[in-house]
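Protein chains: 2
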Amino acid sequence: MKVYKIPEATVMRLSVYSRFLHQLIDEGITTVSSGDIARGVGVSSAQVRKDLAYFGEFGTRGVGYRVDELYGHLMKILGLDQAWNIILVGAGKLGSALALYQGFAERGFHVSTVVDVDPKRIGTKLGDVEVEPISVLQERVKEKNIRVGVVTVPASAAQDVTDLLVEAGIKAILNFSPRVLKVPHRVILRNVDLSVNLEVLSFNLALNR
Amino acid sequence: MKVYKIPEATVMRLSVYSRFLHQLIDEGITTVSSGDIARGVGVSSAQVRKDLAYFGEFGTRGVGYRVDELYGHLMKILGLDQAWNIILVGAGKLGSALALYQGFAERGFHVSTVVDVDPKRIGTKLGDVEVEPISVLQERVKEKNIRVGVVTVPASAAQDVTDLLVEAGIKAILNFSPRVLKVPHRVILRNVDLSVNLEVLSFNLALNR
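Chain order of the listed sequences is A and B. Be aware that the first sequence starts at 294, since it is given in our numbering, and climbs by one per residue. Be aware that the second sequence starts at 294, since it is given in our numbering, and climbs by one per residue.
Hints were generated in silico from the structure; no laboratory data involved. None of these values were measured; they are calculated from a predicted model. Do not rely on the hints blindly, as some may be mistaken.
Some chain B residues near chain A, calculated using beta-carbon distances under 7 angstroms [to be verified]:
{"hint": "1", "residue": "G372"}
{"hint": "2", "residue": "Y394"}
{"hint": "3", "residue": "P471"}
{"hint": "4", "residue": "V485"}
{"hint": "5", "residue": "S488"}
{"hint": "6", "residue": "L491"}
{"hint": "7", "residue": "E492"}
{"hint": "8", "residue": "V493"}
Lysine-lysine pairs mimicking DSSO-like chemistry, simulated, CA-CA at most 27 angstroms apart [as the list claims (entries may be wrong)]:
{"hint": "9", "chain 1": "B", "residue 1": "K369", "chain 2": "B", "residue 2": "K435"}
{"hint": "10", "chain 1": "B", "residue 1": "K386", "chain 2": "B", "residue 2": "K369"}
{"hint": "11", "chain 1": "A", "residue 1": "K386", "chain 2": "A", "residue 2": "K475"}
{"hint": "12", "chain 1": "B", "residue 1": "K386", "chain 2": "B", "residue 2": "K343"}
{"hint": "13", "chain 1": "B", "residue 1": "K413", "chain 2": "A", "residue 2": "K413"}
{"hint": "14", "chain 1": "B", "residue 1": "K413", "chain 2": "B", "residue 2": "K386"}
{"hint": "15", "chain 1": "A", "residue 1": "K386", "chain 2": "B", "residue 2": "K369"}
{"hint": "16", "chain 1": "A", "residue 1": "K386", "chain 2": "B", "residue 2": "K343"}
{"hint": "17", "chain 1": "B", "residue 1": "K413", "chain 2": "A", "residue 2": "K418"}
{"hint": "18", "chain 1": "B", "residue 1": "K475", "chain 2": "B", "residue 2": "K437"}
{"hint": "19", "chain 1": "A", "residue 1": "K418", "chain 2": "A", "residue 2": "K437"}
{"hint": "20", "chain 1": "B", "residue 1": "K437", "chain 2": "B", "residue 2": "K464"}
{"hint": "21", "chain 1": "B", "residue 1": "K386", "chain 2": "A", "residue 2": "K418"}
{"hint": "22", "chain 1": "B", "residue 1": "K464", "chain 2": "B", "residue 2": "K369"}
{"hint": "23", "chain 1": "A", "residue 1": "K464", "chain 2": "A", "residue 2": "K369"}
{"hint": "24", "chain 1": "A", "residue 1": "K435", "chain 2": "A", "residue 2": "K475"}
{"hint": "25", "chain 1": "B", "residue 1": "K343", "chain 2": "B", "residue 2": "K369"}
{"hint": "26", "chain 1": "A", "residue 1": "K369", "chain 2": "A", "residue 2": "K418"}
{"hint": "27", "chain 1": "B", "residue 1": "K386", "chain 2": "B", "residue 2": "K464"}
{"hint": "28", "chain 1": "A", "residue 1": "K386", "chain 2": "A", "residue 2": "K413"}
{"hint": "29", "chain 1": "A", "residue 1": "K413", "chain 2": "B", "residue 2": "K386"}
{"hint": "30", "chain 1": "B", "residue 1": "K464", "chain 2": "B", "residue 2": "K475"}
{"hint": "31", "chain 1": "B", "residue 1": "K418", "chain 2": "A", "residue 2": "K418"}
{"hint": "32", "chain 1": "B", "residue 1": "K343", "chain 2": "A", "residue 2": "K343"}
{"hint": "33", "chain 1": "A", "residue 1": "K386", "chain 2": "B", "residue 2": "K413"}
{"hint": "34", "chain 1": "B", "residue 1": "K386", "chain 2": "B", "residue 2": "K418"}
{"hint": "35", "chain 1": "B", "residue 1": "K386", "chain 2": "B", "residue 2": "K475"}
{"hint": "36", "chain 1": "A", "residue 1": "K413", "chain 2": "B", "residue 2": "K418"}
{"hint": "37", "chain 1": "B", "residue 1": "K437", "chain 2": "B", "residue 2": "K418"}
{"hint": "38", "chain 1": "A", "residue 1": "K413", "chain 2": "A", "residue 2": "K437"}
We put the CB at the ideal spot given by N, CA and C, even for glycine.
Same shape as in the complex, but just chain A (with noise of 0.2 angstroms):
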């Protein structure tokens, strides 16, 4: 499947239908209007009819989408019909917290190995994991077959981390540190600032003073 040129806030409203839908099937729900996923998730109508007409046709007019099936046309086009194996480098408090984060095993996001340099770090456990020294990156990308690293070390460290997770032969970095990073165009990299979200809610506070 070839798909281009799909802005980024349409992937993430397609991962926030996913759970919807998710959600439904639990419920025993087997049909669903664009309104109803509208009206779930928050967004109108028409952006969600537009969301989905970028992969094709789904559904019939007047009828809606089947549930299961939508569900699984969305899985497979976040790529999340296949497990993803994971390399999280920096075991403080965000990587601990990230390594033991239910929601991304839920997800298929299978962290399968931890990494640090602090010999405190190292040898202990993150739920079944156990932390390694950074020295073993390479050899377990390769043996795992991991193509995700997540970067969550100090600034000053995240290049040279960065660099090693691209020599191994890393495919997509999701960075947690505070540093603009350099990769090369074939990897992909994603910035997380987790106050980019507080900035958004005192954006909207600051409308209101």
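Once you have looked at the hints, place chain B on chain A.
Using the frame of chain A, we list chain B on its own:
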């Protein structure tokens, strides 16, 4: 200042632009073009101009923007020309990581209160802040003029905690729990699902399967 119907994606980009401008200030750079900003943060220069145009006229054609002036405008738009006190509910691994997250303080978000129900956590310290019992929630929100609440409790407790925050007069809630929360219309709610960030990566990786 009243500004209407700004897409959330724009608000998030303004946040990114403001960080980039802060970096330029640190480097002693005084003027910048939309092209410079675009290259610096990885969007098109048309996008930069469009985003800034929501908020009136900035910059001079052919000269660009004064860095300090544009930075000041953006911080004001984002509501970051003031500090915000925050209450964090839930001092587990994720809550602890957030309480200690440097990125919040840098943008004027001050985690002034942390509460939990677990006796083992109450009385422990997260940086300068002592974890307090949840019974003090209402009192702390009033005495510290807290407007923003962050929910990092298990799904089963999330709605109860949210009701407490709303009752205490909180105006905006950032929800890290995997539960869909109900709040009155006057309260701003934002859900953070950390796995969405991984799904944007898996979407892009899946395109190349």
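The hints, checked one at a time:
Because the smallest distance between the Cβ of B:G372 and any Cβ of chain A comes to about 3 angstroms, under 7 angstroms, the interface hint for this residue holds. The interface hint given for B:Y394 holds, since its Cβ lies 6 angstroms from the closest Cβ of chain A, which is under the 7 angstroms cut-off. Nearest Cβ of chain A to the Cβ of B:P471: about 6 angstroms, under the 7 angstroms cut. The hint holds. A least Cβ separation of about 5 angstroms between B:V485 and chain A falls short of the 7 angstroms threshold, and the interface hint therefore holds.
Among the interface hints, the one on B:S488 holds; its C-beta lies about 4 angstroms from the nearest C-beta in chain A, closer than the 7 angstroms criterion. Given the 7 angstroms rule on beta carbons, the hint for B:L491 holds: about 5 angstroms separates it from the nearest Cβ of chain A. Here the hint on B:E492 is kept, as its CB sits about 5 angstroms from the closest CB of chain A, short of 7 angstroms. A hinted interface residue such as B:V493 counts as satisfied when its beta carbon comes closer than 7 angstroms to some beta carbon of chain A; here the least separation is about 5 angstroms, so the hint holds.
A distance of roughly 25 angstroms separates the Cα atoms of B:K369 and B:K435; the hinted pair therefore holds under the 27 angstroms criterion. The hinted pair formed by B:K386 and B:K369 fails the criterion: a straight-line CA distance of about 33 angstroms is larger than 27 angstroms. Under the criterion of a C-alpha separation no larger than 27 angstroms, the hint pairing A:K386 with A:K475 is consistent with the structure, at around 25 angstroms. Among the hinted pairs, B:K386 with B:K343 is inconsistent with the structure: their alpha-carbon atoms are about 40 angstroms apart, more than 27 angstroms.
This hinted pair checks out: B:K413 and A:K413 have alpha carbons roughly 23 angstroms apart, not beyond 27 angstroms. The hinted pair formed by B:K413 and B:K386 meets the criterion: a straight-line CA distance of about 13 angstroms does not exceed 27 angstroms. A hinted pair counts as satisfied when its Cα atoms are at most 27 angstroms apart, and A:K386 with B:K369 does not qualify at roughly 32 angstroms. For the hint pairing A:K386 with B:K343, the CA-to-CA distance comes to about 38 angstroms; that exceeds 27 angstroms, so the pair is violated.
As the CA atoms of B:K413 and A:K418 are separated by approximately 20 angstroms, the hinted pair is consistent with the 27 angstroms bound. Taken as a hint, the B:K475 and B:K437 pair is honoured in the structure, with Cα atoms around 25 angstroms apart against an allowance of 27 angstroms. Between A:K418 and A:K437 the CA atoms are separated by roughly 19 angstroms; this keeps the pair inside 27 angstroms, and the hint holds. A C-alpha spacing of about 14 angstroms is found between B:K437 and B:K464, which places the hinted pair at or below 27 angstroms, so the restraint holds.
About 14 angstroms separates the Cα atoms of B:K386 and A:K418, which keeps this hinted pair within 27 angstroms; it holds. Taking the CA atoms of B:K464 and B:K369, the gap is near 19 angstroms; set against the 27 angstroms cutoff, the hint holds. Of the supplied pair hints, the one linking A:K464 and A:K369 holds, its CA atoms being roughly 19 angstroms apart against a limit of 27 angstroms. Only pairs whose Cα atoms come within 27 angstroms are accepted, and A:K435 paired with A:K475 is accepted, the gap being roughly 22 angstroms.
Note on B:K343 and B:K369: the hinted pairing holds, with a Cα-Cα distance of about 18 angstroms set against a maximum of 27 angstroms. Between A:K369 and A:K418 the alpha-carbon distance is near 33 angstroms, which puts this suggested pair outside the 27 angstroms criterion. Note on B:K386 and B:K464: the hinted pairing holds, with a Cα-Cα distance of about 25 angstroms set against a maximum of 27 angstroms. Between A:K386 and A:K413 the CA atoms are separated by roughly 13 angstroms; this keeps the pair inside 27 angstroms, and the hint holds.
For the given pair, A:K413 sits about 18 angstroms from B:K386 by alpha-carbon distance, which is consistent with the 27 angstroms threshold. Between B:K464 and B:K475 the CA atoms are separated by roughly 14 angstroms; this keeps the pair inside 27 angstroms, and the hint holds. Our distance criterion of 27 angstroms between C-alpha atoms is met by B:K418 and A:K418, whose separation comes to about 23 angstroms. With a C-alpha separation of about 22 angstroms, the suggested pair B:K343 and A:K343 falls inside the 27 angstroms cut-off, and the hint holds.
With a C-alpha separation of about 18 angstroms, the suggested pair A:K386 and B:K413 falls inside the 27 angstroms cut-off, and the hint holds. At roughly 13 angstroms between alpha-carbon atoms, B:K386 and B:K418 fall within 27 angstroms of each other, so this suggested pair holds. With a C-alpha separation of about 25 angstroms, the suggested pair B:K386 and B:K475 falls inside the 27 angstroms cut-off, and the hint holds. For the hint linking A:K413 to B:K418, the alpha-carbon distance of about 20 angstroms falls within 27 angstroms, and the restraint holds.
A distance of roughly 19 angstroms separates the Cα atoms of B:K437 and B:K418; the hinted pair therefore holds under the 27 angstroms criterion. For the given pair, A:K413 sits about 25 angstroms from A:K437 by alpha-carbon distance, which is consistent with the 27 angstroms threshold.
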